[in-house]
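There are 2 protein chains.
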Amino acid sequence: MNASNSIGIVSAKNAQFDTPLVFRSGAVLPRYELVYETYGKLNAAKSNAILICHALSGHHHVAGYYADQPENIGWWDNMVGPGKPVNTDKFFVIGLNNLGGCHGSTGPSSIDPSTGQPYGASFPVITVEDWVESQARLADLLGIRQFAAVIGGSLGGMQALQWSLAFPERVRNVFAIAAAPRLTAQNIAFNDVARSAILTDPDFHGGNFYRHNVVPTRGLRLARMLGHITYLSDDAMADKFGRELRHGQFNYGYEIEFEIESYLRHQGDKFASYFDANTYLLMTKALDYFDPAHDFDGDLNRAFARATANFLVISFTTDWRFSPQRSREIVQPLLHNRLNVSYAEITSAHGHDSFLLEHPHYFDVVRAYLDNVADEPST
Amino acid sequence: MNASNSIGIVSAKNAQFDTPLVFRSGAVLPRYELVYETYGKLNAAKSNAILICHALSGHHHVAGYYADQPENIGWWDNMVGPGKPVNTDKFFVIGLNNLGGCHGSTGPSSIDPSTGQPYGASFPVITVEDWVESQARLADLLGIRQFAAVIGGSLGGMQALQWSLAFPERVRNVFAIAAAPRLTAQNIAFNDVARSAILTDPDFHGGNFYRHNVVPTRGLRLARMLGHITYLSDDAMADKFGRELRHGQFNYGYEIEFEIESYLRHQGDKFASYFDANTYLLMTKALDYFDPAHDFDGDLNRAFARATANFLVISFTTDWRFSPQRSREIVQPLLHNRLNVSYAEITSAHGHDSFLLEHPHYFDVVRAYLDNVADEPST
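Chains as they are written, first to last, in this note's numbering: chain A, 1 to 379; chain B, 1 to 379.
Derived by calculation from the structure, the hints in this document are not laboratory data. Errors might be hidden in some of the hints.
The list makes no distinction among identical chains, and a pair is therefore deemed to hold if it is satisfied within one copy or across any two copies.
[Unchecked claim] Here are the simulated EDC-like cross-link-like pairs (lysine to aspartate or glutamate), alpha carbons at most 20 Å apart as the crow flies: (1) 240 / 297; (2) 240 / 299; (3) 240 / 291; (4) 13 / 68; (5) 41 / 376; (6) 41 / 89; (7) 90 / 364; (8) 270 / 255; (9) 46 / 140; (10) 90 / 376.
My request is simple: use the sequences and hints to build the entire structure.
Set out below in structure tokens:
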């Protein structure tokens, strides 16, 4: 990363919402808070805004760093900043923590004002549709009628797609990166194993572990270990770890033997130390539920008939969580509806994680596309 | 399955071994028992024997059924029987439960005669090399100097390969089906998640759960659920389950919603009700450790220099646990050493599980190969 073109010091903001939000499930959240950050300047016409939607474990801190935590650099700082592919000299970029998250927005670990206790199990199961509704309210608050672009990778890409369906008039360009139009049985299966690990952890206490002063560490750890396998490509794992041994020899026991075990367990432990188990459950359910064709007999062509945005769809050759084939399943209904769609399949060794990594071809595609995006509203 | 050509009623036998077995780890098992079954007749020259090696959750009951349990049909009954690809009219076929197993052979759940308690955590970590050594002793007991063939799928294929290396003079043909010469980092990673689920289950008690009258059901269940995902192809899961809902609608909760969840949890529950957690751990470690090139600086060409058998290597197009590429990694060093090797890549939709399923092309390959295998010893 070139520190010289970082957006620099940033700070998080809070937005309060007192209009009840009705979820797809029928549940109602009377009031909530969203934490967000912004980079660059909103122009007078308020037409140069870009929304960044995060994936499973992401948050609002997309770019820059905090004055008191210079090492805490945003998760997409390589992509977003002055002169970067998502150029903050031109665009006003917003990152937020999704509702239900655990990084500051109202979520299961927040205090429910009606009880004085964390929401825990009572926090509603949330969908991509609910998130987009809450994001639109944040846009309203900021006076943004229409986004120049909504951009997301993985689960974030699903939110970007949903923007094109829920608010076609409010988004000019949609980027779905390393995404899929909906999960397959295999995708759901992986999520179900991760959820089962959390749900059956004795420390989960039906989601109300906060009041027991414990955390379902074992379950979260397993969920994250499993997740990590699906984020990396087989080849990248082979290159990075292969069959390398931690101690140079077999020890014939259940301690760490292979470097890959050390890596996975470390990732699992780290994640379990800060991420909220209920948020993890909500995120995976949102992934499972998302299906734009759910109300159209499974027909994505009909589902995307109401979209009007231009689209950039990007996939990565070694991504087996959401393979290029899954991105083509997004492209197809867009073409069917004669929408303006660009598709790039990037040759990358790094699997699903590629969407977070700097890669010249990938970054050039995003840069070139956004260079051609007007910061003027469409009519 | 055509019941008319089943081998019919079979029964398990026990073999006692009182010569201590020294494991690769250095551990010693003073005495042990192997449970096995045989099908067909051993000829006078004792030259028509075929050994079937089982995979992670397999056992000795390969073909036929028990008089008192007519529904308990052997796990490879479609493959092994009179007139079947592994033809018991011609060959004398042996199935055994591997040492460390939980189906009758001495394993962690067996009583350690020196303590009167189950071995539990004190049962040695076992390797493919140790298994092959124990299988050779069973062959000695039965008077078999040389196998016409040693056949195995998946982990069983690794045992077959090891036979060609440990006892080149004792095996004329080796079948490695849906196998790999050694695990990749990704393979090890999946095993490590499964093991971690068991090891961190509070009911595991460091492997000595027997004395607490509990079973680490949660961990075993998760391990099996995860395993199942890797046994099925993405496509087969999509065809069989897709996004089908269990109750026809989203229920926005953590009960079963999708059919795939119902299937996985059922498989997990069933497995956890009968399989021994310590055996599961041992099996996955044996998979991790196996690497014929471990003592040859990772060079499989040098590792297979001592092999003399003929080889049949079979892979399945949609198997992503051990993909065709992994089978070609077996073929390559065999060709390098100018061994006689046949390789078939079978077009099948059923992923890794294909090796257990009836498939005309697959079965024809096995049948044709074995029709040309002499039931005479080689000199």
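Results of checking the hints against the structure:
1. Taking the shortest Cα distances, residue 240 and residue 297 sit within 20 Å of each other only across copies (18 Å), while inside one copy they are farther apart (44 Å).
2. In this assembly of identical chains, the alpha carbons of residue 240 and residue 299 lie at most 20 Å apart only when taken from different copies (19 Å versus 41 Å within one copy).
3. Taking the shortest Cα distances, residue 240 and residue 291 sit within 20 Å of each other only across copies (18 Å), while inside one copy they are farther apart (35 Å).
4. For the identical chains of this complex, residue 13 and residue 68 are intra-copy neighbours only, at 16 Å inside a copy versus 72 Å across copies, given an alpha-carbon limit of 20 Å.
5. In this assembly of identical chains, residue 41 and residue 376 lie within 20 Å of each other by CA distance solely inside one copy; the values are 14 Å within and 85 Å between copies.
6. Proximity of residue 41 to residue 89 under the C-alpha cut-off of 20 Å is restricted to the intra-copy arrangement: shortest distance 8 Å within a copy versus 83 Å between copies.
7. Within a single copy, residue 90 and residue 364 get their C-alpha atoms as close as 16 Å, which meets the 20 Å cut-off; across copies the closest is 65 Å, which misses it.
8. For a Cα distance limit of 20 Å, the shortest separation of residue 270 from residue 255 inside one copy, 18 Å, qualifies, whereas the shortest one across copies, 28 Å, does not.
9. In this assembly of identical chains, the alpha carbons of residue 46 and residue 140 lie at most 20 Å apart only when taken from the same copy (11 Å versus 84 Å across copies).
10. Proximity of residue 90 to residue 376 under the C-alpha cut-off of 20 Å is restricted to the intra-copy arrangement: shortest distance 11 Å within a copy versus 81 Å between copies.
Violated hints for the displayed structure: none, as all numbered hints are satisfied.
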